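Asker: All chains should be built: construct the whole structure from the sequences, respecting the hints.
Residues per chain, in single letters:
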Amino acid sequence: MIEISHVNKWYSPTFQVLTDCTTNVTKGEVVVVCGPSGSGKSTLIKCVNALEPFQSGDILVDGTKVNDPKTDLPKLRSRVGMVFQHFELFPHLKIIDNLCLAQEKVLGRGHDKAQTKGMQLLERVGLKEQAQKFPAQLSGGQQQRVAIARALAMDPIVMLFDEPTSALDPEMVSEVLDVMVDLAREGMTMMVVTHEMGFARKVANRVIFMDRGEIVEDAAKDDFFGKPRSDRAQKFLSKILSH
Amino acid sequence: MNYNWNWGIFFQPNPMGTGTYLDMLLSGLALTLKTAALAWVIALITGSIVGVMRTLPSKGANWFGFAYVEFFRNMPLLVQLFLWFFVLPEILPRAAGLWLKQLPNAPFWTAAIGVGFFMSARVAVQLQAGISSLPRGQKMAATALGLTTVQGYRYVLLPMAFRIILPPLTSEFLNTIKNTAVAITIGLLELTGQARSMQEFSFQVFEAFTAATILYLLVNAVVVTAMRFLERWVAIPGYITGK
Numbered sequence: 001m002i003e004i005s006h007v008n009k010w011y012s013p014t015f016q017v018l019t020d021c022t023t024n025v026t027k028g029e030v031v032v033v034c035g036p037s038g039s040g041k042s043t044l045i046k047c048v049n050a051l052e053p054f055q056s057g058d059i060l061v062d063g064t065k066v067n068d069p070k071t072d073l074p075k076l077r078s079r080v081g082m083v084f085q086h087f088e089l090f091p092h093l094k095i096i097d098n099l100c101l102a103q104e105k106v107l108g109r110g111h112d113k114a115q116t117k118g119m120q121l122l123e124r125v126g127l128k129e130q131a132q133k134f135p136a137q138l139s140g141g142q143q144q145r146v147a148i149a150r151a152l153a154m155d156p157i158v159m160l161f162d163e164p165t166s167a168l169d170p171e172m173v174s175e176v177l178d179v180m181v182d183l184a185r186e187g188m189t190m191m192v193v194t195h196e197m198g199f200a201r202k203v204a205n206r207v208i209f210m211d212r213g214e215i216v217e218d219a220a221k222d223d224f225f226g227k228p229r230s231d232r233a234q235k236f237l238s239k240i241l242s243h
Numbered sequence: 001m002n003y004n005w006n007w008g009i010f011f012q013p014n015p016m017g018t019g020t021y022l023d024m025l026l027s028g029l030a031l032t033l034k035t036a037a038l039a040w041v042i043a044l045i046t047g048s049i050v051g052v053m054r055t056l057p058s059k060g061a062n063w064f065g066f067a068y069v070e071f072f073r074n075m076p077l078l079v080q081l082f083l084w085f086f087v088l089p090e091i092l093p094r095a096a097g098l099w100l101k102q103l104p105n106a107p108f109w110t111a112a113i114g115v116g117f118f119m120s121a122r123v124a125v126q127l128q129a130g131i132s133s134l135p136r137g138q139k140m141a142a143t144a145l146g147l148t149t150v151q152g153y154r155y156v157l158l159p160m161a162f163r164i165i166l167p168p169l170t171s172e173f174l175n176t177i178k179n180t181a182v183a184i185t186i187g188l189l190e191l192t193g194q195a196r197s198m199q200e201f202s203f204q205v206f207e208a209f210t211a212a213t214i215l216y217l218l219v220n221a222v223v224v225t226a227m228r229f230l231e232r233w234v235a236i237p238g239y240i241t242g243k
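Protein chains in written order, with the UniProt record's numbering: chain D, 1 to 243; chain X, 1 to 243.
Derived from the structure by calculation, the hints contain no laboratory data.
Honestly, I wouldn't trust all of these hints.
Unchecked claim - Residues of chain D placed beyond 12 Å of chain X at every Cβ, according to the derived structure:
hint : residue
1    : 6
2    : 58
3    : 73
4    : 84
5    : 85
6    : 87
7    : 91
8    : 116
9    : 151
10   : 173
11   : 202
12   : 229
13   : 231
14   : 235
What the hints assert, rightly or not - Simulated pairs of lysine-lysine, DSSO-like, Cα-Cα distance not exceeding 27 Å:
hint : chain 1 : residue 1 : chain 2 : residue 2
15   : D       : 94        : D       : 65
16   : D       : 94        : D       : 70
17   : X       : 59        : D       : 75
18   : D       : 65        : X       : 59
19   : D       : 128       : D       : 105
20   : D       : 70        : X       : 59
21   : D       : 75        : D       : 65
22   : D       : 113       : D       : 70
23   : D       : 94        : D       : 105
As the list claims (entries may be wrong) - Covered by chain D, according to a simulated footprint, are these stretches of chain X (three or more residues, beta-carbon under 8 Å):
hint : stretch
24   : 63-70
25   : 148-156
Bear in mind the structure is a predicted one, so any value in this text is a computation, not a measurement.
Backbone N, C-alpha and C fix where the C-beta goes; we use that ideal spot for every residue, glycine too.
Answerer: Take a look at the structure:
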C-alpha cells in the first residue's frame with residue numbers, strides 16, 4: 001500500500017532530516033513509527049502524501065508515485081486520510097461542515113449525501129450531538145475525534161496519524177486511542193507516529209524506530225518490544241517504558 | 001477676529017444655480033461616497049490578490065507582490081494622483097492619451113483608481129499578515145484533504161484571515177474615504193472641493209469646513225458602526241472574540 005524506498009531529505013547540505021529511509025506498509029497493516037523528537041518521524045509521514053518534498057528516493061502509494069511531477073496530488077491526497085497533532089479543524093466551519101467540505105469540493109459528493117456520511121461518522125466517534133457546534137466549543141479530545149471522522153469521510157485507503165495524542169490532556173488521550181484501536185481492528189491500513197506504546201502493543205503489526213533521520217529498527221511488534229536489536233532503540237524503550 | 005458668522009448661509013442659493021449651498025455640499029458628499037466606494041472595491045480586490053500572492057510558495061508571485069506593494073505604498077498619494085492624471089496620458093501612445101484626456105468624469109475615475117491602488121498595497125499587507133498568522137497546519141490540513149491551492153485559500157485560509165484582519169481593515173476603509181479629499185487637486189468637486197468653493201463664493205470659511213467636518217465624521221461613524229456589526233455577524237462561537 002505504501003512503499004518507501006531510499007528516501008533522502010535535506011534542508012541544506014549540512015542538515016539532513018531523512019537518510020535513506022526504506023520501509024513499506026501493506027494493506028490492512030498497522031505500523032507505528034516512534035523515536036525521539038527531531039528523529040524525522042513526522043517528516044517521513046508527511047512525505048507519504050507529499051506535504052513535505054524530498055530530494056531523492058521514491059514513495060509509492062497504492063502504486064502511484066508520490067514524487068512524480070505528473071501525479072495528480074490532490075486526487076492522491078484525497079485517498080490518504082491524515083490526522084494532525086493539533087487537529088487542524090477549520091475553525092469557521094461547524095463540525096458537520098468540517099466533515100462535508102472536502103467531500104463536496106474534492107469528491108464532488110452532493111450536499112445531502114455528504115451530510116449523511118458526515119453524520120454517520122460523527123455518530124461512530126460518539127459526537128453526533130456536536131454536529132452543529134464550532135470546533136472551538138469542543139474539547140481537544142473531541143476535536144481530534146472530529147478530525148479522524150473528517151479524514152474517514154473521504155473513504156481513505158490508508159490513514160496517516162502524526163502524533164494524534166501529543167497535544168491532548170492526559171484524560172483525553174484514551175478517547176482518541178479508542179477510536180484508533182477500533183479503526184485498526186476493522187482492518188484499516190494505518191501509519192501512526194506516536195509515543196503511545198500501549199497503543200502499539202495493542203494493535204500494531206510492526207514498529208519502526210527512527211533516530212536522527214534514519215530508520216534504525218523495523219521489526220514485528222513482539223520482536224521490537226521483546227528485544228530490540230539496536231542500542232538506541234533499547235535505550236529509548238527503557239526510558240519511555242520505565243514509568 | 002473680525003468674522004461675520006452666518007449659519008443661515010447653507011440655505012441661501014449658491015451662485016451656480018444648483019440649489020442652496022447645502023445642496024452643493026451634499027452633492028460633494030455624494031461624489032466623495034461614490035469615489036470612496038469604487039476605490040475601496042478596487043483596493044479590496046487587487047489588495048486581496050496581491051496579498052495572497054505574497055503568501056504563495058511561488059518565488060515569482062512573491063516577487064511581484066513585493067514589488068507591487070513597495071511601488072504603491074512608497075510614493076505619496078498626491079504624487080500618484082498627479083502621475084495618473086497628468087503624466088500617464090502623455091506617456092501613452094497619442095491616441096490612447098487623447099482618449100484618456102477626453103474621458104468624461106476623468107477626475108472621478110482617476111481619483112477612484114489612484115486611491116484604490118494606493119490603498120490596495122495596504123490591504124495586501126494586512127491580508128498577508130492575516131494569512132501568515134494562521135497555523136501552518138491549516139494549509140496542510142486543507143492540502144491533505146485533497147483541496148487544491150485555490151480551494152484551500154477560498155474555503156479555509158481566506159475566511160479566517162479576513163475575520164482576523166477585520167478591525168485593521170476598518171481603518172483602511174476609513175482611510176480610503178478620507179484620502180479621496182486629495183482628489184481636490186485634480187479638480188474633483190468632492191466634499192472638500194465643494195467646501196472650498198463654498199468658501200470662495202460666500203467667504204464663510206468656518207461654516208463651510210465645519211459642515212464638511214461634520215459630514216466626514218458622520219460618514220465614518222456609519223462605516224465604523226457597520227463594520228462592528230459585520231465583525232459580530234461573522235464572529236465564530238468560542239473563537240477569540242466570539243461569544
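Asker: Now, for every hint given, state plainly whether the structure supports it.
Answerer: To see whether the hints hold, each was checked on the structure:
No beta-carbon of chain X comes within 12 Å of the beta-carbon of residue 6 of chain D; the shortest separation is about 24 Å. With a least beta-carbon separation of about 20 Å from chain X, residue 58 of chain D lies farther than 12 Å from that chain, consistent with its non-interface assignment. Look at residue 73 of chain D: its CB is around 8 Å from the nearest CB on chain X, not clear of 12 Å, so calling it non-interface is violated. Not every CB of chain X is more than 12 Å from the CB of residue 84 of chain D (nearest about 5 Å), against its label as outside the interface.
Once the 12 Å rule is applied to beta carbons, residue 85 of chain D is inconsistent with being away from chain X; the minimum gap is 8 Å. Distance check for residue 87 of chain D against chain X: the nearest CB is about 8 Å away, which does not clear 12 Å, and the non-interface claim fails. Under the 12 Å C-beta cut-off, the non-interface status given to residue 91 of chain D relative to chain X is violated; the minimum distance is some 5 Å. With 12 Å as the threshold on Cβ separation, the claim that residue 116 of chain D sits away from chain X holds: the shortest Cβ distance comes to roughly 19 Å.
Residue 151 of chain D, annotated as away from the interface, has a beta carbon of chain X within 12 Å; the closest lies near 8 Å. Under the 12 Å C-beta cut-off, the non-interface status given to residue 173 of chain D relative to chain X holds; the minimum distance is some 19 Å. For residue 202 of chain D, the requirement that its beta carbon stay farther than 12 Å from each beta carbon of chain X is met, with the minimum near 26 Å. Separation of residue 229 of chain D from chain X is adequate, the least Cβ-Cβ distance of about 34 Å exceeding the 12 Å criterion.
With a least CB separation of 34 Å from chain X, residue 231 of chain D remains clear of the 12 Å interface cut-off, as annotated. In this structure residue 235 of chain D is separated from chain X by more than 12 Å, as the shortest Cβ-Cβ distance comes to about 31 Å. Taken as a hint, the residue 94 of chain D and residue 65 of chain D pair is broken in the structure, with Cα atoms around 35 Å apart against an allowance of 27 Å. For the proposed pair residue 94 of chain D and residue 70 of chain D, the alpha carbon gap of about 35 Å is over 27 Å, so the pair is violated.
For the hint pairing residue 59 of chain X with residue 75 of chain D, the CA-to-CA distance comes to about 25 Å; that is within 27 Å, so the pair holds. With a C-alpha separation of about 26 Å, the suggested pairing of residue 65 of chain D with residue 59 of chain X holds against the 27 Å cut-off. Pair hint residue 128 of chain D plus residue 105 of chain D holds up; C-alpha atoms about 23 Å apart against a cutoff of 27 Å. At roughly 21 Å between alpha-carbon atoms, residue 70 of chain D and residue 59 of chain X fall within 27 Å of each other, so this suggested pair holds.
Straight-line distance between C-alpha atoms of residue 75 of chain D and residue 65 of chain D comes to about 12 Å, which keeps the hinted pair within the 27 Å bound. Taking the CA atoms of residue 113 of chain D and residue 70 of chain D, the gap is about 31 Å. The hint is violated against a cut of 27 Å. A hinted pair counts as satisfied when its Cα atoms are at most 27 Å apart, and residue 94 of chain D with residue 105 of chain D qualifies at roughly 16 Å. Requiring three or more residues with a Cβ within less than 8 Å of a Cβ of chain D, the coverage given for the stretch 63-70 of chain X is violated, as only 0 such residues are present.
Given a C-beta distance limit of less than 8 Å, the hint that chain D covers the stretch 148-156 of chain X holds, as 4 residues qualify and 3 suffice.
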